[in-house]
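Visitor: Spelled out, the chains give:
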Amino acid sequence: MSAPAEQLQSKPIGWDGKTLIEMTEESKRLFEETGRYYGVEDLTLLRDQPILYEKIFSRLRGGLVNARSTALNISASPIVRELGELSFAIYTPEGDSIALSTGIIVHVHTMSDAIKYMIKHNYEQTPGIRDGFIFCNNNSMIGDVHTADVHTIIPIFHEDELVGWAAGVTHEVDVGGINPGSMCYGHADRYGDGILVSSELVGENDEFYEHYLQRCRECVRAEMYWVLDEKTRLTGAQMARRQVLRTISEVGLDTYKKFMREAIEEGRRTFLQRSKTMLVPGRYEAPSFTDLPWADDVNVHGQARKDMMMHAPLSMTVKGDGQVEMSFEGANKWDYHSFNCAPSPMQGAMWVQLTQTLWNSDKINDGAYFATDLKLPYGSWANPDWEKVSTTLTWFFLIPGWSGMIRSVGRSYFARGFLEDISASYCTSWNLMQGGGPNQYGVDGAFTNFEVSCGGTGALYVKDGETACAAMWNPEGDMGEVESWESMEPLLYLGRGVKPSSGGPGKYRGGTGSEALRMVYNTHAQTLFNGGEGHCFSSYGVYGGYPGCSGYRHNMHGSDMKKRIENGEPFPRLDGDPEDSQISALCEAEEENFDMKAIQGPKHFGEYDLYLSMNRGGPGLGDPLERDPRSVVHDVNIGHVLERFAKSLYGVEMTREGESFVLDEAATQKLRDSMRKKRLEQSVDAKEFFDQQRQRVINKDFIRPVRDMYASSMDLSSEWNEKFRKFWNLPADWSL
Amino acid sequence: MEKSYIMSMDAGGTMTDVFFVDRDGKFVVGKAQTTPHDESEGFAASCVDALKQWDMKPDDVFPEVITGIYSGTSMLNRLLERKGQNLGVIVTAGQEDYFQLERGIQTYLGYSYQDRLKVVTHRHNEPIVPRKQMFGVRGRIDCFGKQAIPLYEDEVRDAVRQLVGMDVKGIVVNLLYSFANSDHEQRVKAVANEVMAEAGADIPLYLSSDLYPVMQDFARLNTVTVEAYAAEPSRGQFKRIADRVSGYGGDTQLRVMASHGGTISMDAKELARTLISGPIGGMVGARYIAEKLGEKNIVCSDIGGTSFDLGLITDGEFTMKAQPDMAKFMLKLPLIEIDSVGAGTGSYARVNPISNRIEIGPDSAGSKVGMCNPQASETTPTLSDCNVLLGNLNPYNFLGGDVVLDPDAAYRGVKEHIADPLGLGVHEAAEGVLELFEDHLRNEVFARIFGKGYSPDDYVIYSYGGGGPLHVCGYTAGLKFADVVVPAWAAGFSAFGCACADFEYRLDRTVNAAFPASDMDPEGFKGAVSGYAEAINSAWASLETRVAEEFDKSGISSDQVEYKHIVRVQYAGQLNDVEVTVDFERVESAEHLQQIIDRFEDAYSKAYSRAARSPELGYQTTNVVVTGTVPVEKPALPVETVSSETPPESARKEGRKVYRGGQWHEADIYDMDKVLPGNVFKGVSVLESPATTLVIPPGFEARLDEHRLFHIKEIKG
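Protein chains in written order, with the numbering used here: chain A, 1 to 736; chain B, 1 to 717.
Each hint should be verified, as a subset may be incorrect.
In silico BS3-like pairs for lysine-lysine, Cα to Cα no more than 30 Å straight-line [what the hints assert, rightly or not]:
1) Lys375(A) with Lys363(A)
2) Lys363(A) with Lys452(B)
3) Lys296(B) with Lys452(B)
4) Lys189(B) with Lys562(A)
5) Lys328(B) with Lys463(A)
6) Lys328(B) with Lys83(B)
7) Lys276(A) with Lys480(B)
8) Lys189(B) with Lys563(A)
9) Lys319(A) with Lys169(B)
10) Lys257(A) with Lys480(B)
11) Lys28(A) with Lys306(A)
12) Lys118(B) with Lys375(A)
13) Lys169(B) with Lys682(B)
14) Lys682(B) with Lys480(B)
15) Lys276(A) with Lys118(B)
16) Lys463(A) with Lys564(B)
17) Lys562(A) with Lys83(B)
18) Lys28(A) with Lys276(A)
19) Lys83(B) with Lys463(A)
20) Lys26(B) with Lys713(B)
The set of hints was computed from the structure by calculation and includes no laboratory data.
Build out the structure end to end from the sequences listed, making use of the hints.
Guide: Set out below in structure tokens:
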């Protein structure tokens, strides 16, 4: 039996003869009227049949986890296969997530946005939504984090009725941007971002259109990765779909429908309850900043060639009922760089942080979305009012922008006594090493090195942060293996080791970061990026702890490495202490870039050129003078802290015994006493301090980028303008 | 008199089991406390304990033992407790911080999902070699195996001199890409030997290119280091056990169970692969029985106190993992793929106070059983508590009656922690928890089989371990397996399995050799044959030589060895390879390449969807493998006379009530050791042995066959 195509199209695919638009509007109306998801008041399935409820959940979730672990074997991309940059989820017909797999769950809500976009734009009419259709999306203005993350979304039909969606996402090695690497930057706007697929119909009958795959092959570098990842996502999504249908066949359609609604409402209530249990109501302010020193960077577009600052005045409000609101009111304007964020990535970032802190559970779903609010000022970098902005590396603003959330949550934990959960926040996940060009196999390639997923973690209330461990966007960080990276990138590792003193000092030290020194080899040309903050600290430490060190750039162009190797002379393994740089000591070059411009546009490198990639350490917690001096000595002995900082930062005196140091307890006590005394001597009255600083503000005693940043914030938000003025008690005629 | 016993032992963390089986398949199992300082003491006590069941002594039996197999956890414990040898390590310059950086994955290996998400719980391993004993030497081999930077030999001299001064017991050498070109490692060895000769030192060297010539430098370093650190000291333990055996008049050579499912000599070069042997014994045993019974596809399911382990045998072959992890280390060893996919009988069940939803695990009371154990002081109910409460477990039968369990305590626990918060009856709640547990397992079992491209009716499922038979009907219900089998010796099945293993070496080597698809690029395909053949054949030849050398240590000549040739293949550029066994010994023709393609494509499209096939990328061999096997005596399957369907009265124990499907049933209880082949047990029946319980619920029946295997089938429509 088959109906003519036009009849199928005109018959609504939603429930009870409704269209998807009608269903979505109803969902919205019910939530607004009742404050509960789909107006669900009693969780009758959970209450009356708790075992069945749990069985359905376990079945769906198990199906997603298995889909992920099977599908990832199809990918050729180490980012997906080894570092797990993929995840799967299932959704209601309206696009609300019910359950999700492990992996990059930042995307659970971004895929939801992509589905909602399709519904809103009446895809039900055209191109139609039918069993076996395949949709693809990587447009962050619709729903995504950045172009490098690609979604595959398929509808799930039970007979003629849409019962939901299955979707999967992977991070791509290259997306055909104006320069190689998955997240290139330096161009002005979206036209350099690479292939853009905007919730597009890309296949039917469970197969991709050949013309679609061909377009992808033609538009991206290293197309094998792209095409295999398409297959990876489709395979996983199909497995998830099969599991949903199997579940329906066992429990019945009505029960499954009921479960969907209850699962999200239950998720919402659970989130509120957790928030009430763990947090203290009130408002938490934790702004952060990052620098973009591009005034002299000839590698970037003219419109972006200026020194800029990002302003992220994050404020978290916890309400009495547990509702959590995040606001970026006061964020400055978007600009002609690639670090702009759309609401969808901001939402995703909040998810990531929630799942690492408040709700680290396999049971999380879009219920959390209904229990949180996110305020993103229109026109700011966090919600641009021009949809042609470039967004390839939204993370560059988003990572520092959200660091305050962990500090805010930590303060709440402290008040509630959840001491073991307190973290000084994450490190910024830089340096981002990416690029491409003719590779060692003689073909043009592109790569993104995901060592960056292993930064030092923030110090905890009870212990030091971990060395090279995780990223803000992926708790399951992994550096991969040197031999794996070298087989993809035409750069030899001269070394990969701990970066001394990169972890923020404190009573508990931030986790130590790492560095890799690479030598371009077996190619005559590579385009490489440096990415990370240099002048600014973006994650600050708590309770007197210091931030982890910010990054720097140290690259050698036109080096004498070839000659050194031929002559058997020493050459650098790592950079070590930048004030006593191994690179500078053991290598000469025609051009040495050694400065704090840690974010650099695409730059040409030749064979034997050196490239330093430094991964950040975590912020510290507590006063460094309270740190156990034995731990400081141990840190120096294993290369985690530079000898000179033992004294200047920690007040620890050591003496050398053979190859290592031993603690001089008495001298340490004396030094610490004198440092404390000196602190007292240097201290000023808070009022006096405030007045001094106020005078600076009145005098507009800011460097140019800071001044521009505040001016932009005030320009965009009268609310924040008012707040700033009130705080500093500024005269009425003061303006920037 | 002809020799006719097989012995296997398993020295676990707390108990040492010894298993003897005679020519007719009759066996005894002995138990004794493990004695970590000298495992041979526990071994001796366990032998005595086992053989007294036959009224015999070790001196009577050992002269007639033809095969002896060791498996145990001492090596693993040495690693976990960081009590291995003091080592030095020489790596490529710049990589001296290997054990400080590790890989991020080693900070959360083995964690529950909740903790994997939660970064504050992640922890690095304590380095097994201190930073000051790590030395880097300049010199580089690139990814093609070509020298990019010559070896700076002075740095090698300096490093070895310092290590000699540090009195290390071994030096591990792991240079980048040494698997592709071992020249630099060989030079390090030569220079080190010179330096040691000058210094009058003789420290063993462990070269990664000698021991584990496979790609991925960090996992390889882990493996070689673990070999030197934890495995090498085990040779002493083995020797002491071997001495006991000879002391009893035995002259059999003891072999050790290895992770690839074969046994290897105690003198084998690569002993680290014996680190992981515990869980695979059962799979080896299941494969052996299945082979005898003509079954090719087997699901092995094993429920212990803390986990549900699942492994598949497809077409008579195990699936091999090339990079397993153990004790939070990524390793490069072939390991039979077994996954822990669910909770065990000791796992806690509770209701989350925030969401009011049931959660099982991930933590577990393990050997403490649960609140029903009066000797433990558990405060959260476990699955065992639910089982005791519902009558599935006999409180007087636990550990053969050594500990009497308290059903009332279980009742109180389930009531307080599960039933009351959910507003359910206590028995209803307990049954619900078990249902949930079994349902999850059933889904996992189904998913694994489905993931291989098969359906359950292509498979026979074996259930063993202390908790397997208790839940087997639950987790197989409705899946329509070809057969569901529970060996009557389920609890000792792992020890039995070890005795079934071949004497087999398996060696892997990384090669990177590719060729295009024959139909898409016929010219390229033809042109690739000779180069591919050369790469594969020379690697196979080198591995055959090494296998022969290993057998030579046991006095076995190469012509007695049966070799198997394997290539691991993936679509060029992909990262997941599939093991392809070929039926030729050398690649000699285009037909041989075609056989590789056909077998790979067949396996690949079964494992993934058809849409995922990507022949346009061509085919790449990542690793070649050679296995060498020598036939050994294995236990005979018992063959007993088939009796009537009705179990003998002597097997009957006191009846009790069992709660199932929301009501109490009068259950028939039997002593598992006394029931006879041919007997049929209808639900509700419970068969008890000291270490395991088989529950037959309503709608099922079990029949014991002449080999003492229970076959379970669903009888309801």
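Visitor: For lysine 375(A) and lysine 363(A), compute the direct alpha-carbon distance and say whether it is at most 30 Å.
Guide: holds, 25 Å
Visitor: Is the straight-line distance between the alpha-carbon of lysine 28(A) and that of lysine 276(A) 30 Å or less?
Guide: Holds: lysine 28(A) and lysine 276(A) sit about 25 Å apart, inside 30 Å.
Visitor: Just to be careful, I want the Cα atoms of lysine 682(B) and lysine 480(B) compared with a cutoff of 30 Å; is the pair within it?
Guide: Satisfied, since the Cα-Cα distance of roughly 18 Å is no more than 30 Å.
Visitor: Is lysine 257(A) within 30 Å of lysine 480(B), Cα to Cα?
Guide: The given pair, whose Cα atoms are some 28 Å apart, holds under the 30 Å limit.
Visitor: Just to be careful, I want the Cα atoms of lysine 463(A) and lysine 564(B) compared with a cutoff of 30 Å; is the pair within it?
Guide: Distance ~52 Å between lysine 463(A) and lysine 564(B) Cα, so the pair is violated.
Visitor: Hey, lysine 26(B) versus lysine 713(B), does the alpha-carbon distance stay inside 30 Å?
Guide: holds, 27 Å
Visitor: Is lysine 363(A) close enough to lysine 452(B), meaning Cα to Cα at most 30 Å?
Guide: Distance ~28 Å between lysine 363(A) and lysine 452(B) Cα, so the pair holds.
Visitor: Are the Cα atoms of lysine 562(A) and lysine 83(B) separated by 30 Å or less?
Guide: violated, 44 Å
Visitor: Next pair to validate is lysine 328(B) with lysine 83(B); report whether the Cα-Cα distance is within 30 Å.
Guide: holds, 16 Å
Visitor: Has the given pair, lysine 28(A) with lysine 306(A), been kept, meaning a C-alpha gap of at most 30 Å?
Guide: violated, 44 Å
Visitor: So if I understand the rule, the pair passes when the alpha-carbon distance is 30 Å or less; does lysine 169(B) with lysine 682(B) pass?
Guide: violated, 62 Å
Visitor: Are the Cα atoms of lysine 328(B) and lysine 463(A) separated by 30 Å or less?
Guide: holds, 20 Å
When held up to the earlier numbered hints, the structure conflicts with 7, 9, 11, 13, 16, 17 and fits the remainder.
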